[in-house]
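Please model the complete structure; the sequences and the hints are all you need to start from.
Each chain is listed here by its residues.
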Amino acid sequence: MTALLKVKGLKKHFRVVRQNGFRAIRETVHAVDGVDLEIGMGETLGVVGESGCGKSTVGRTILRLLEPTEGTVLWQGERLDTLRGEALRHIRRDIGIVFQDPFAALDPRMLVGDIITEPLKAHKMVTSRTERQEKARELLTTVGLRPEFASRYPHEFSGGQRQRIGIARAISTNPKLLVLDEPISALDISIRAQILNLLEDLQTERGISYLFIAHDLSVVRHICHRVAVMYLGVIVEQASSDTLFGSPLHPYTQALLSAVPVADPVIRKERVLLEGDVPSPVHIPSGCRFRTRCPLAQERCAQETPLLRELDSEHWVACHFAEK
Amino acid sequence: MKASRNLLPLLEVNSLQTEFKTQGGLVRAVRGVSFSVERGETVGVVGESGSGKSVTALSLMRLIPTPPGYIKAGSILLEGQDLLSLSPREMQKVRGSQIAMVFQDPFTSLNPTMKLGEQVAEAIRLHNSLSKAEVTERVINLFEAVRLPSPEIRYHQYPHEISGGQRQRVMIGIAFACNPKLLIADEPTTALDVTVQAQVLSLMKRLQTEHNTGTLLITHDLGVVAEVCDRVLVMYAGQVVESGTVQQIFQAPKHPYTQGLLASLPQIQADSRQRLVSIPGQPPDLAHLPKGCAFYERCPKRILDICSQKEPEGTTFDTGQTVRCFLHGS
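In order, the protein sequences belong to chains A and B.
Under the numbering used here, think of the first position of the first sequence as 10, with each following residue one higher.
Under the numbering used here, think of the first position of the second sequence as 2, with each following residue one higher.
Please keep in mind that the hints were generated in silico from the structure rather than gathered at the bench.
Since the structure is predicted, the reported quantities are computational estimates derived from the model, not experimental observations.
Heads up, a few of these hints could be off.
[Stated by the list, open to error] Here are the in silico distance ranges between beta carbons for each label pair:
(1) B/Gly25 - A/Val25: 37 to 47 Å
(2) B/Gln24 - A/Met134: 34 to 44 Å
(3) A/Glu79 - B/Leu290: 56 to 66 Å
(4) A/Gly30 - B/Lys206: 34 to 44 Å
(5) B/Leu85 - A/Asp210: 48 to 58 Å
(6) A/Ser160 - B/Gln310: 26 to 36 Å
(7) B/Gly26 - A/Asp103: 41 to 51 Å
(8) A/Gly30 - B/Leu131: 28 to 38 Å
[To be verified] Which stretches of chain B does chain A cover? Using the computed rule of at least three CB atoms under 8 Å from a CB of chain A, they are:
(9) 10-23
(10) 190-197
(11) 215-228
[To be verified] Over 12 Å on every C-beta distance to chain B, these chain A residues come out as not near it, computed from the model:
(12) Lys17
(13) Val38
(14) Ser160
(15) Asp321
Even for Gly, the Cβ is constructed at its ideal location relative to N, Cα and C.
Below is the structure:
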């Protein structure tokens, strides 16, 4: 399987200025700090982690909505991170994004039909007004909405319907990859399954690859083929969905999985409770980033940074003690 | 008097109705909700946005903004005393000392201009007459009880200096400051990450056991309900459509809505990528409720004639499980 997207050593740092009394202190937020990823054709790669781990920044940097600080992004073998102007515009029709908040992602003053066909207009993929309207009706049908919704405004729709509109817009240019940034976490529980099923149908019909960014592990388990777990800007474990959820090796993944409440009162499990909070991405702990909360941490973890190693076939872990 | 009080349930809510007069019409947010909470028991309220779960909680505290909202009918008995008959001043005394509340958003429920210790001290001072030193000591003890690291330093810090999980710990500290009999927690962990959620839930459970507090836990997360609740109320369109013990609700759900919700959850233990069963459509508009059962439009098991015409009354089984559906009696 040739990789559709290949990310190597991706870093994104933000410079911030903090006021301490009258003194301005310059600091660097290490949002993404060296991430390698690969997504194949028709594959769903999940990126999970807690807030502030850098998962959304990864998605945005790949799309070049943010400029990477360091690293390379290869799109079908072509450098995406150095593209400019027309060439970048051209490649963007192949990559779409769906945002978390369906209330903020749609322009309230535009008609739904215009919203979902705007990418087509921007990329000059439609020539006439009639063609654009025809396309809008077709897209709405694809995402399970009625074609006559094209002449309505976003405020007339519920959260789930708006997310369908957002998806219609993202797939309008027939992209090969969609970045889905928490696409269902703002939706009600009975609506979430509808959207997950729609995403799965679109993948089966069109062979789209997904980069699925989420914090909800059961959803990731359900929809992703492979999963990468992020902590403080780096990937700590990566494996196929079944392997990662079946036999997690990194202590952070284990703690994360054990913290997820299971909707079955029979399985009231004993938890591995993590102490404390995620450290600030400004002052990253030396050595292993997870050592301040890790139940296995030893002297060595403060000195040596564990590298991502392939412990089993296609099962990558960044921990000194993952074998035990 | 004391003995007879203990025989009464801690909280008993009967046919509560809360409405809001809005420009879009009369919104019937809570339509006849009845339930009870015993001492030391955790009752979960699950439902989607607009199901009336938060309005129920605010009604118990009598914190419904009036106008546009008002409690139309029903009774709320706390150890036999009807809270709806209390004067605003008497109700003020009940809030905080007998019923406490923890809200979803720890970012907006603390005062950003006040030191953390002062905010907790305020809650203690309102309901007790203690000296300044005694209050400070109680605050430090509370901070220790909610496992805030270095409580003496935290006392003098402001909300923006601590993390979301720690803020929620402070909120729980305030809630337990006066040993309430009933704790109402409205989505207490929704804004938190899973690892922090697990910490906060185990903290609440511990304090609740220590103080024998009855808890009403409002959440949309069925996982949280399964882990911490003893009994569950499932709400839909302003009504309790099903209630029972966690085992009954999760293993033998009777209402088609409960069944649909449970089937639509992706399972973290499942091995295969099975297609999720989804509930079609969306919840009804509470200002324009359909005639008949509110779930009719989305129900896979509807019986055409009755369900669209009449509202089901509700049936109670011998096991204590209740369900509001024509498939099970009236």
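A quick look at each hint next to the structure:
1. B/Gly25 - A/Val25: 37 to 47 Å: holds (44 Å)
2. B/Gln24 - A/Met134: 34 to 44 Å: holds (42 Å)
3. A/Glu79 - B/Leu290: 56 to 66 Å: Cβ of A/Glu79 to Cβ of B/Leu290: about 57 Å, so the range 56 to 66 Å holds.
4. A/Gly30 - B/Lys206: 34 to 44 Å: holds (42 Å)
5. B/Leu85 - A/Asp210: 48 to 58 Å: holds (50 Å)
6. A/Ser160 - B/Gln310: 26 to 36 Å: At 35 Å between Cβs, range holds.
7. B/Gly26 - A/Asp103: 41 to 51 Å: holds (47 Å)
8. A/Gly30 - B/Leu131: 28 to 38 Å: holds (35 Å)
9. 10-23: violated (count 0)
10. 190-197: holds (count 4)
11. 215-228: n = 8 at 8 Å, threshold three: holds.
12. Lys17: At roughly 28 Å from the nearest Cβ of chain B, A/Lys17 sits farther out than 12 Å, so the non-interface label holds.
13. Val38: The assertion about A/Val38 holds, with a minimum of 16 Å to chain B.
14. Ser160: For A/Ser160, whose nearest Cβ neighbour in chain B is about 21 Å away, the distance exceeds 12 Å, so it holds.
15. Asp321: holds (18 Å)
Going through the hint list in order, the structure does not satisfy hint 9, though it satisfies all others.
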